Amino acid sequence: MLNDSLKQLSQRLENKEISSVELTKEFLSRINKLNSQLNAFITVDEERSLEQARVADQKITAGTATPLTGIPVAQKDIFCTEGWLTTCGSKMLSNFVSPYDAGVIERFKAVGAVNIGKTNMDEFAMGSSNETSFYGPVKNPWDSHAVPGGSSGGSACAVAARMAPVATGTDTGGSIRQPAALCGISGIKPTYGTVSRYGMIAFASSLDQGGPMAKSAEDLALMLNVMVGFDARDSTSLQCEAEDYARDLETPLSGLRIGLPKEYFAEGMNGDVERAVDKALEEYRKLGAETIEVSLPNSPLSIPVYYVLAPAEASSNLSRFDGVRYGYRAESYRNLEEMYRKTRAEGFGAEVKRRILIGTYVLSHGYYDAYYLQAQKVRRLIAQDFKQAFTQCDVIMGPTAPTVAFDIGEKSSDPVQMYLSDIYTSAASLAGLPGMSIPVGFGEKSRPVGLHIIGNYFSESLMLNVAHQYQQATDWHQKMPNL
Amino acid sequence: MTLSIDDVKQIANLAHIEVSEDDVNSALNQLSDIFKLIETMQAVDTFQVEPMSHAQDVIQRLREDQVIESDQHELYQSVAPHVENDLYLVPKVIE
Chain U
58 MLNDSLKQLS QRLENKEISS VELTKEFLSR INKLNSQLNA FITVDEERSL EQARVADQKI
118 TAGTATPLTG IPVAQKDIFC TEGWLTTCGS KMLSNFVSPY DAGVIERFKA VGAVNIGKTN
178 MDEFAMGSSN ETSFYGPVKN PWDSHAVPGG SSGGSACAVA ARMAPVATGT DTGGSIRQPA
238 ALCGISGIKP TYGTVSRYGM IAFASSLDQG GPMAKSAEDL ALMLNVMVGF DARDSTSLQC
298 EAEDYARDLE TPLSGLRIGL PKEYFAEGMN GDVERAVDKA LEEYRKLGAE TIEVSLPNSP
358 LSIPVYYVLA PAEASSNLSR FDGVRYGYRA ESYRNLEEMY RKTRAEGFGA EVKRRILIGT
418 YVLSHGYYDA YYLQAQKVRR LIAQDFKQAF TQCDVIMGPT APTVAFDIGE KSSDPVQMYL
478 SDIYTSAASL AGLPGMSIPV GFGEKSRPVG LHIIGNYFSE SLMLNVAHQY QQATDWHQKM
538 PNL
Chain L
7 MTLSIDDVKQ IANLAHIEVS EDDVNSALNQ LSDIFKLIET MQAVDTFQVE PMSHAQDVIQ
67 RLREDQVIES DQHELYQSVA PHVENDLYLV PKVIE
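Chains as they are written, first to last, in the numbering used here: chain U, 58 to 540; chain L, 7 to 101.
Since the hints were derived computationally from the structure, they do not count as laboratory data. This one's a predicted model, so the numbers in the text were calculated from it and none came from an experiment. Incorrect hints may have been included.
What the hints assert, rightly or not - Stretches of chain U that chain L covers, calculated by requiring three or more beta carbons in the stretch to come under 8 Å of a beta carbon on chain L:
(1) 360 to 373
(2) 400 to 408
(3) 421 to 431
(4) 434 to 448
As the list claims (entries may be wrong) - Derived pair list, reagent style DSBU-like, types lysine-lysine, alpha-carbon separation capped at 35 Å:
(5) Lys148(U) to Lys64(U)
(6) Lys15(L) to Lys468(U)
(7) Lys319(U) to Lys42(L)
(8) Lys64(U) to Lys166(U)
(9) Lys148(U) to Lys42(L)
(10) Lys166(U) to Lys148(U)
Glycine included, every Cβ here is placed at the ideal spot set by N, Cα and C.
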């Protein structure tokens, strides 16, 4: 049952083969067994989870269940969850029990899904390895020496280790897609503005976007059906017609045009990743798709641009953490100014402080034009490259990350090397385009490889179709680690 | 551009983050490396390119000027470090 799809689990619940309480207990016992070695969850609250499961069982009995009713969902600890510790992976919020629910959490509650626990993450979603968490690093379930990726590393690990059937993540520059790739699962960052940011602790507001992480594209579609929707409390939430993201899953791929950016297949990608990606593309040709070369000439600039814009927005967003209204406050201080300085020095970890410093600098007097404004201009050039490419193709493919999961500690002392982990994912984030990663095999040390699929704005159902057809022809998404 | 120790201290000051002498030195090295990476974008010709501040070209949504939230200050203040008489307590600012 641990490897069941959402559809199968939902069927079992509907047929009364199993109750939501029993299903929840099954995953809670899996978490109990594995979390001490993998560290995927920051908070598990059995009583609260089981209470939600009991309510779900009533819904199922009453015949008012929907596809996710009674299904355990792991929630990234970035989503404010009423009555639950919500830390964002930081000492700054290590005592913060949220007084309200994020828009995403409300939507899962409304359909009767069960919150199975809050997952570990890089502090304030700043990191690509989960090593910046105040709660310690998450281990990659395929190899405990390896990182799970980040920042949604706890969610990726939880799904890969089958501690939860599905999870939520957030993606600012690759934080859903890169950990999905490194843990051998599927994940999608939808078009910016489709999933509510209300109650999702802000890192870089013009880039942050929530999305689901799961074993398969089919499961992602069912998750998106719950997660997507207008929220008036998020000023950038888009008012779109509701759609069924599973509607196109079964469409054959004949005639699909796959664009391969020549810049992504140039230098930088490791041989093992390239071999797995090439094999996946070969499979797509067998399924009737054609591959054509496209160009994203400005994409090599996406990391420099990202590391101006994201820290700039972060330095502004994180100014709210000052020890006055919520969260950590320093023990000793002589005056207000010192209280702020010490609270922020002690409450934030090294990477968060580094990014606040970068952001403060690029926004400061005399440097604004040279850094911030120039980055915003290059951001437009990057977005225009995609616009041009999508006149020639339906989806874009390439590797999600340049290497398989690296070792814990390997890049933690070299921020620039760490930042380059998101070399293929950050461009789509800057453009606001949807992007996803699906598992397509294994590379060095038998660690998973992900295929990156970028779609045009609002083309999630096509992307899920493209991923699902591949998953019908292959079984990489069903592989699970020996634990 | 070359960052100096004083630059780092000045940024930390603006960001309200206390840094020790050791922190300043390691921050200087790491920030210098990061700015080397960032500066590769400065050679790009962006003459007449409109800055892109947002992923979607949408206009700011407005709503009716109505009260939509109820008063929940007790709930929201329950997570504050120090509260007295419904006020957030901080060290004395005015002598």
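Hints versus structure:
1. Under the rule that three or more residues need a Cβ within less than 8 Å of chain L, the assignment of the segment 360 to 373 of chain U holds, with 6 such residues.
2. Coverage of the segment 400 to 408 of chain U by chain L holds. Counting CB-CB distances below 8 Å, 3 residues qualify, and the rule asks for three or more.
3. Only when three residues or more bring their CB closer than 8 Å to a CB of chain L does the claim for the segment 421 to 431 of chain U stand; here the count is 5, and the claim holds.
4. Residues of the segment 434 to 448 of chain U with a Cβ under 8 Å from some Cβ of chain L number 6, which satisfies the need for three, so the listed coverage holds.
5. Among the hinted pairs, Lys148(U) with Lys64(U) is inconsistent with the structure: their alpha-carbon atoms are about 38 Å apart, more than 35 Å.
6. A distance of roughly 26 Å separates the Cα atoms of Lys15(L) and Lys468(U); the hinted pair therefore holds under the 35 Å criterion.
7. Taking the CA atoms of Lys319(U) and Lys42(L), the gap is near 25 Å; set against the 35 Å cutoff, the hint holds.
8. In summary, the hint linking Lys64(U) to Lys166(U) is supported, as the alpha carbons are separated by about 19 Å, within the 35 Å threshold.
9. This hinted pair checks out: Lys148(U) and Lys42(L) have alpha carbons roughly 30 Å apart, not beyond 35 Å.
10. At roughly 27 Å between alpha-carbon atoms, Lys166(U) and Lys148(U) fall within 35 Å of each other, so this suggested pair holds.
Of the numbered hints listed earlier, the single one contradicted by the structure is hint 5.
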